[in-house]
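As you go down the protein sequences, you meet chains R and P in turn.
Its first residue numbered 3, the first sequence is counted upward by one per residue in our numbering.
Its first residue numbered 3, the second sequence is counted upward by one per residue in our numbering.
Note that these hints are calculated values from the structure, not bench results.
One thing to keep in mind: the hints can contain errors.
For chains that are exact copies, the list does not tell them apart, and a pair is met inside one copy or across any two.
[Claimed, not checked] Restricting the straight-line Cα-Cα distance to at most 27 Å, the calculated cross-link-like pairs of lysine-lysine (DSSO-like) are:
hint : residue 1 : residue 2
1    : Lys320    : Lys40
2    : Lys115    : Lys320
3    : Lys51     : Lys115
4    : Lys25     : Lys51
5    : Lys25     : Lys40
6    : Lys22     : Lys320
7    : Lys331    : Lys25
2 protein chains.
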Amino acid sequence: MKRPPKAPSITVSDVARQAKVSKATAARVLGGYGRVSKTVRAAVLEAAKALDYRPNELARSMTTGRSGSIGVVVGDIENPFFSLAVRGISDVARLSGINVILANSGEQVEAEKNAIRVLMAKQVDGLIVTPAQSGEIAHLVEIARSACPLALLDRALPDLDVDTVTVDDRDAALRATRILTRAGHTRIAYMTAAVLSGDFRGSESRINTSTVRERILGFLDACRESGIERAERNIHFGSGRSETSRAVMHGLLKSPDRPTAILASDSVVALELFKAIRECGLRIPQDMSLITFHDADWTSVTTPPITVIDQPVYALGKSVAELLIRRLKGDDRPPERIILPTTIIERMSVAQAPDVARQATA
Amino acid sequence: MKRPPKAPSITVSDVARQAKVSKATAARVLGGYGRVSKTVRAAVLEAAKALDYRPNELARSMTTGRSGSIGVVVGDIENPFFSLAVRGISDVARLSGINVILANSGEQVEAEKNAIRVLMAKQVDGLIVTPAQSGEIAHLVEIARSACPLALLDRALPDLDVDTVTVDDRDAALRATRILTRAGHTRIAYMTAAVLSGDFRGSESRINTSTVRERILGFLDACRESGIERAERNIHFGSGRSETSRAVMHGLLKSPDRPTAILASDSVVALELFKAIRECGLRIPQDMSLITFHDADWTSVTTPPITVIDQPVYALGKSVAELLIRRLKGDDRPPERIILPTTIIERMSVAQAPDVARQATA
DNA sequence: TTTACATTTGAGACCGGTCTCACAGGAAAA
DNA sequence: TTTTCCTGTGAGACCGGTCTCAAATGTAAA
Numbered sequence: 003m004k005r006p007p008k009a010p011s012i013t014v015s016d017v018a019r020q021a022k023v024s025k026a027t028a029a030r031v032l033g034g035y036g037r038v039s040k041t042v043r044a045a046v047l048e049a050a051k052a053l054d055y056r057p058n059e060l061a062r063s064m065t066t067g068r069s070g071s072i073g074v075v076v077g078d079i080e081n082p083f084f085s086l087a088v089r090g091i092s093d094v095a096r097l098s099g100i101n102v103i104l105a106n107s108g109e110q111v112e113a114e115k116n117a118i119r120v121l122m123a124k125q126v127d128g129l130i131v132t133p134a135q136s137g138e139i140a141h142l143v144e145i146a147r148s149a150c151p152l153a154l155l156d157r158a159l160p161d162l163d164v165d166t167v168t169v170d171d172r173d174a175a176l177r178a179t180r181i182l183t184r185a186g187h188t189r190i191a192y193m194t195a196a197v198l199s200g201d202f203r204g205s206e207s208r209i210n211t212s213t214v215r216e217r218i219l220g221f222l223d224a225c226r227e228s229g230i231e232r233a234e235r236n237i238h239f240g241s242g243r244s245e246t247s248r249a250v251m252h253g254l255l256k257s258p259d260r261p262t263a264i265l266a267s268d269s270v271v272a273l274e275l276f277k278a279i280r281e282c283g284l285r286i287p288q289d290m291s292l293i294t295f296h297d298a299d300w301t302s303v304t305t306p307p308i309t310v311i312d313q314p315v316y317a318l319g320k321s322v323a324e325l326l327i328r329r330l331k332g333d334d335r336p337p338e339r340i341i342l343p344t345t346i347i348e349r350m351s352v353a354q355a356p357d358v359a360r361q362a363t364a
Numbered sequence: 003m004k005r006p007p008k009a010p011s012i013t014v015s016d017v018a019r020q021a022k023v024s025k026a027t028a029a030r031v032l033g034g035y036g037r038v039s040k041t042v043r044a045a046v047l048e049a050a051k052a053l054d055y056r057p058n059e060l061a062r063s064m065t066t067g068r069s070g071s072i073g074v075v076v077g078d079i080e081n082p083f084f085s086l087a088v089r090g091i092s093d094v095a096r097l098s099g100i101n102v103i104l105a106n107s108g109e110q111v112e113a114e115k116n117a118i119r120v121l122m123a124k125q126v127d128g129l130i131v132t133p134a135q136s137g138e139i140a141h142l143v144e145i146a147r148s149a150c151p152l153a154l155l156d157r158a159l160p161d162l163d164v165d166t167v168t169v170d171d172r173d174a175a176l177r178a179t180r181i182l183t184r185a186g187h188t189r190i191a192y193m194t195a196a197v198l199s200g201d202f203r204g205s206e207s208r209i210n211t212s213t214v215r216e217r218i219l220g221f222l223d224a225c226r227e228s229g230i231e232r233a234e235r236n237i238h239f240g241s242g243r244s245e246t247s248r249a250v251m252h253g254l255l256k257s258p259d260r261p262t263a264i265l266a267s268d269s270v271v272a273l274e275l276f277k278a279i280r281e282c283g284l285r286i287p288q289d290m291s292l293i294t295f296h297d298a299d300w301t302s303v304t305t306p307p308i309t310v311i312d313q314p315v316y317a318l319g320k321s322v323a324e325l326l327i328r329r330l331k332g333d334d335r336p337p338e339r340i341i342l343p344t345t346i347i348e349r350m351s352v353a354q355a356p357d358v359a360r361q362a363t364a
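All chains, please: the whole structure from these sequences, using the hints.
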């Protein structure tokens, strides 16, 4: 183990010596605990200032057992959804004098496990996680059982009863899909970046990441409602930013029975779709209607602007952080599951289904 | 001081006892240092597994003096520029087994100072900062003098000789402005979110945030080059996302001698501008040409798509992180100032200046 | 067999704080 | 005046690791 020159920092003992009091007394005024007389306090404070004393938070954490920081594991900070949520979290944390250690899972369970291990070793006081996958949650269950409070962001896990903040995904998907069905669309695709472990055979049982499951349920509800059969065939997983998913999109858009409307699960997918649709020479909304989750900034400036499901992303982050910090302060109410409402912002990316339009003209 | 029930965790001593060796020996195998015989190592490892031992990183940091984490202070994680840079940083950090503690300054010096104080107290091994302001850098100078390596991201400070990674802002602005001047524009505005302390009277001397200064210099170079006088009158500071700056934009766009072309300092400003331009009933590029720094994702999907200065944002983050980590490993070469190249992606947001076009028709 | 040296192990100090406990001295109560 | 209680202070243990140092053991060379 290498041993770089340690910067010899000023400690309580140094201050104590300078102020001619005991270490214990100096620690009391510097640490702000216990009782100290005014005169001694002043003397210690003066000595501290003279020496330019800076507390060592690490040492403090060692004895107190609390580090004053929380760990946040998100899928991808680059995704504006997460950066906004993180913003919400860190704003709240700062107010409580807590800081945030951020880790990226890249939506990989292994990376997530690893990040959590590291954060735990750093003795974070609490953890906010956006679980990458719902299949492997043993590591999360373990945290939940431990003394370290855990809160889930955006994605609930049915088998994990901890504080969770999500949005009303099912209802949002239902309402969004209805906009499409009411415009006469019958071939509607749902595209998500999530990957499905195993096959999806019309049974939603295998999907237990709440976000994905709820949205699909809502989507299917709306389809069923308007008599669309076998709607589950049009659910596409794994539509990320990769080259392969781009190829899949193109394939879908060029197929003869291509959908006439698409619901995208997040703004990153939607942006890729938007580009792909244009590249395929299709027009929005005439040839393809599009609705996406997340009111990303770009959705209002495209031509046409995109109809979106506006999720309260900042509030999402703010709420989990508040929930978690409440736990940190000793709250031991049963776990809460908060579901925030979404609104749909209707813009110009939805048109009547082509065949319906044709019929109308005929 | 409250005293929540400490979760009694498994320590080296516990493992040592279980393995029937001394604490020192157990520590050696668990900490991976010193020499231990195979048999003993196996015994300790087994005991550790049986007890489910987890190292306490904090305690480790206490003695080693290194925390294994670096602090990153950015202006605003919400800005895609920063989130991408942070992504670059954290990817590099992860590779070195270092983690990142993120803090938002909100571009406020006070918040920045505070964040740095907290991070230092947490004994971060190094610091990456995007200085919010260039006027007050005493706190940064102090860090630089201390044993804690400091690196600057995106914004250089002339008076602070530390590792710095920026882009060739001056040249980028020059080239971008030239595109506008060559299209015949003479009333060109430069809009930045940065705020100027005091007045800006054509002298760039007061601006010592490199990014802003260099860009303005490049802008003025190009203007001078094509004989545009008093170009500095068209430099607008403080064009953020606030309501007031929106009003300022509208005022500018509606004034009789409004510019015919605008260069925006970042994609957030540009997006606001884009909206404002449309709200004022102006068309891009016919009535207003627009170029912006940062190839944000939305710039390619608008109608028309926006000509941008493509900064290597991810690489920017990657580079500072590499520089900083090199320092952490003991490198003591003189501070390095890396300037990364930019490219201009010409899209459809620049047209001939209206008057030039008119003259051509006449 | 003795000496020399390398390897493995244990004891305990240390990092920089917090906190328990004992005790001195002053004020209030008896 | 004596007893009781409270306040302010100091001594030192403790948190969970790392690391120095010396002792113990084993092995090779003389």
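Up to 27 Å CA-CA - Lys40 versus Lys320, copy category = So Lys320 and Lys40 fail the 27 Å test inside a copy (40 Å) and across (51 Å) alike.
Up to 27 Å CA-CA - Lys25 versus Lys331, copy category | For Lys331 and Lys25, neither the intra-copy (29 Å) nor the inter-copy (34 Å) Cα distance is at most 27 Å.
Within a copy, between copies, both or neither: where do Lys25 and Lys40 come within 27 Å Cα-Cα?
-> within (17 Å within a copy, 44 Å between copies)
Copy assignment of Lys22 with Lys320, given that the CA separation must stay at most 27 Å = Neither: 46 Å inside a copy, 49 Å across copies.
Homo-oligomer pair classification [Lys51, Lys25; C-alpha up to 27 Å] = Intra 16 Å, inter 39 Å, cutoff 27 Å: intra-copy only.
Copy assignment of Lys51 with Lys115, given that the CA separation must stay at most 27 Å | between (43 Å within a copy, 18 Å between copies)
With identical chains treated as interchangeable, where does the CA-CA distance between Lys115 and Lys320 reach 27 Å or less: within a copy, between copies, both, or neither?
-> Both, since 24 Å and 24 Å are each at most 27 Å.
Hints 1, 6 and 7 from the list above are not met by this structure, while the remaining hints are.
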